[in-house]
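Protein chains in written order, with my numbering: chain S, 1 to 220; chain P, 1 to 411.
Bear in mind the hints are in silico, worked out from the structure with no lab data behind them. Treat the hints with care, as some may be off.
Cross-link-like lysine to any residue pairs, in silico, SDA-like; alpha carbons within 20 Å at most [to be verified]:
hint, chain 1, residue 1, chain 2, residue 2
1, P, Lys231, S, Ser2
2, P, Lys28, S, Ala94
3, P, Lys28, S, Ile10
4, P, Lys28, S, Arg6
Ranges of calculated distance between the beta carbons of each label pair, as one might list FRET restraints [to be verified]:
hint, chain 1, residue 1, chain 2, residue 2, range
5, P, Ile356, S, Leu57, 26 to 36 Å
6, S, Ala5, P, Ala409, 36 to 46 Å
7, S, Ile199, P, Leu256, 44 to 54 Å
All residues carry an ideal CB built from backbone N, CA and C; glycine is no exception.
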Amino acid sequence: MSLTARNALIALGITVLIVGTIAYAIQYLDRQRIAEISAIEDQIAIDTLSLETQFSLLASAPCESATSTELIAEFSDLGERLSYTESQLGSNNAQVIQLKKQYTLLEIRDYLATKQLAAACGLKPVTVLYFYSNAGDCTTCDRAGYTLSYLHDTYPALRVYSFDYHLDLGALKTLISIAKVKEEFPAFIVNGTTSYDFISLEDLESRFPKGALSTTTVSH
Amino acid sequence: MGPEIVAYPFLFLAIFFESFILVTFLSKPARRARGRVASSETPSVAIIVPCLNESATVAATCESLLALEYPAEKLSVILVDNGSTDTTPEVMARFKDHPQVTLLLEKNRGKHLAVNAGIATTTADIVGCLDADSFVEPGALREMVGCFENLQVGATTAAMSVHRPRNILQHMQNAEYIYGIVLRHSMSTVNGIHVTPGPFSLYRRETVVRLGGFRAAYQTEDLEMCLRLQKAGYLIEHAPHARVYTKAPHTLFALLKQRTRWTSGFLRNMFNYRGMIGNRRYGALGMIVLPIAFPAMLGGITMFFASLLLFGTSVVHAYQIRDGIPFSYAYLPHAPAFDWFYIPSSVYLLLVAVTIIGMLTLIALGKRISKTPGSLLQGMISYLLLYSLIAPLWLMRSTVDVAIGKKRAWR
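Throw the hints in and build the complete structure from the sequences for me.
This is the structure in structure tokens:
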């Protein structure tokens with residue numbers, strides 16, 4: 001075998017090895033990301049279940065839990081990780097869809113628990129249900145999502161629940177049906193009031209109850 | 001999958017080519033070539049310096065040749081004025097009484113004829129060509145003549161770098177030239193060199209004469225001569241310790257003009273020598289170097305547009321989603337804690353990173369084997385920042401020129 005042919009074969013082997021290693025490393029990282037999201041979801045599931053159990057055991061509301069921002073922060077962190085993973089793996093990835101379903105269920109349970117606690121403890125939390133679409137029929141959803149992230153980071157007690165409108169999940173369909181959310185995006189339900197479209201930060205802020213944003217900040 | 005998918009085949013080829021250079025660099029014949037000491041043989045040598053309006057540099061070029069560590073009686077310098085309209089003939093006249101220097105005044109009929117005129121006046125065993133804006137180091141010739149001890153060798157190239165790089169463009173070219181040193185060194189081991197550059201290449205005179213001398217060859221006579229030598233079965237050697245410095249264009253326009261000439265010359269010559277492409281008879285040149293050149297050009301253009309599209313859409317999207325959000329939140333860094341989860345990772349990014357690391361490694365090796373003085377840090381940085389943005393411009397320009405049959409002036 002000539003030196004050229006031998007070197008070309010070795011170079012080809014090295015190239016295949018490099019490309020293979022990179023492909024494996026990326027897959028490994030993606031698996032680790034999925035595992036981390038799954039672990040956070042498990043933790044949130046335990047926290048939510050614990051809250052609900054406390055409620056049942058005491059036969060009254062554990063009001064000190066209702067003002068805790070820890071769970072909100074966990075949700076926010078989980079949402080960001082899930083969103084990043086979705087951007088990496090694509091919104092059609094089976095594992096991403098599965099994680100989104102679990103996340104959506106946890107959000108709905110937390111939303112319901114928050115409502116119950118608020119009623120029992122006389123609190124007035126500001127909640128936003130945000131419905132977006134990844135089906136290419138929403139041109140302002142990315143802007144709306146970023147703006148909500150800004151609002152949440154600025155007012156940590158603000159509870160933002162994001163839902164992929166087209167996610168095939170029974171509980172979500174029921175929520176959409178009860179809240180009468182039309183297939184127009186983005187859609188917001190701020191403290192029970194539904195509105196559509198997104199124009200600007202100021203426009204979105206105007207949909208919040210007067211003074212709500214300035215009083216939602218909770219000291220840790 | 002985004003537009004980056006079109007880049008994958010080109011990145012695969014780029015990594016393959018870099019690996020091939022590296023594997024060949026580490027092979028025994030390359031190690032032996034690097035260890036070769038300067039020859040004690042002193043065949044007669046005539047260096048031809050074709051000059052066209054080179055009044056600013058030709059004197060220094062000639063002086064660097066006269067300072068070569070070589071027996072004076074075996075070394076001659078032939079300065080050929082190629083119809084200059086500046087003061088080049090007057091500058092050349094300063095050397096008229098020098099016993100080693102011959103002056104020739106020619107009409108401007110092309111560089112190839114100026115070189116041929118020089119060859120016609122000498123009977124030296126070895127003839128060399130040195131552009132009139134290039135300067136050799138004293139030990140360069142001795143490093144190179146040893147290559148001709150093998151009678152199959154028809155030409156030898158030197159280790160070329162940029163003379164006193166000053167601006168970012170020249171630093172970029174310096175890094176590229178130094179990459180060329182390791183490329184030519186490795187390729188010479190498998191006889192895969194496709195060009196004997198104007199800044200100092202030596203030829204066996206008898207061979208050049210037998211092959212009919214230099215031709216016009218679309219203003220790339222050095223490339224054509226190299227291909228003709230290869231086609232005739234001669235070996236092209238490289239002397240990595242023979243340092244030569246050349247002036248590099250310092251403006252973008254001059255650089256584009258020079259590279260368009262080189263690239264369109266390559267494409268046009270390749271049409272004439274198309275029988276060598278993919279031909280096993282020509283070894284690494286026929287099976288690797290020439291066939292890869294075309295996808296490499298296409299890849300340069302494709303990746304330029306794919307990256308532009310990716311970057312452009314990302315920037316526009318990032319700007320759009322931040323519209324109306326306070327500047328301090330949207331654009332200023334938030335000092336986030338390190339989180340492995342968000343490390344940007346994609347097959348595309350990592351392949352690009354490997355290609356860049358491979359290229360920087362080869363540049364560093366080029367500097368190491370040639371012992372080229374000076375820091376390469378600026379060169380590497382400017383190469384990384386600029387090359388992939390600028391090179392597609394001359395690739396596209398020369399491709400269009402060839403497609404529509406447009407010919408451009410040398411300067």
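Taking the CB of Ile356 (chain P) and the CB of Leu57 (chain S), does the distance hold inside 26 to 36 Å?
-> Because 60 Å falls outside the window, the suggested range is violated.
Taking 20 Å as the top limit, are the C-alpha atoms of Lys231 (chain P) and Ser2 (chain S) close enough?
-> holds (19 Å)
Supplied distance hint 44 to 54 Å, evaluated on CB atoms of Ile199 (chain S) and Leu256 (chain P) | Cβ of Ile199 (chain S) to Cβ of Leu256 (chain P): about 46 Å, so the range 44 to 54 Å holds.
Restraint check for Lys28 (chain P) with Ile10 (chain S), where alpha carbons must lie at most 20 Å apart | Given that 20 Å is the threshold and the Cα spacing comes to 15 Å, the pair holds.
Given the hinted pair Lys28 (chain P) and Arg6 (chain S), is their alpha-carbon gap at most 20 Å?
-> holds (13 Å)
Would the pair Lys28 (chain P) and Ala94 (chain S) pass a check requiring their Cα atoms to be no farther apart than 20 Å?
-> This hinted pair is violated, its Cα atoms lying about 51 Å apart.
State, for the Cβ atoms of Ala5 (chain S) and Ala409 (chain P), whether the hinted interval 36 to 46 Å holds or is violated.
-> holds (43 Å)
Consistency note: the structure conflicts with the earlier hints numbered 2 and 5.
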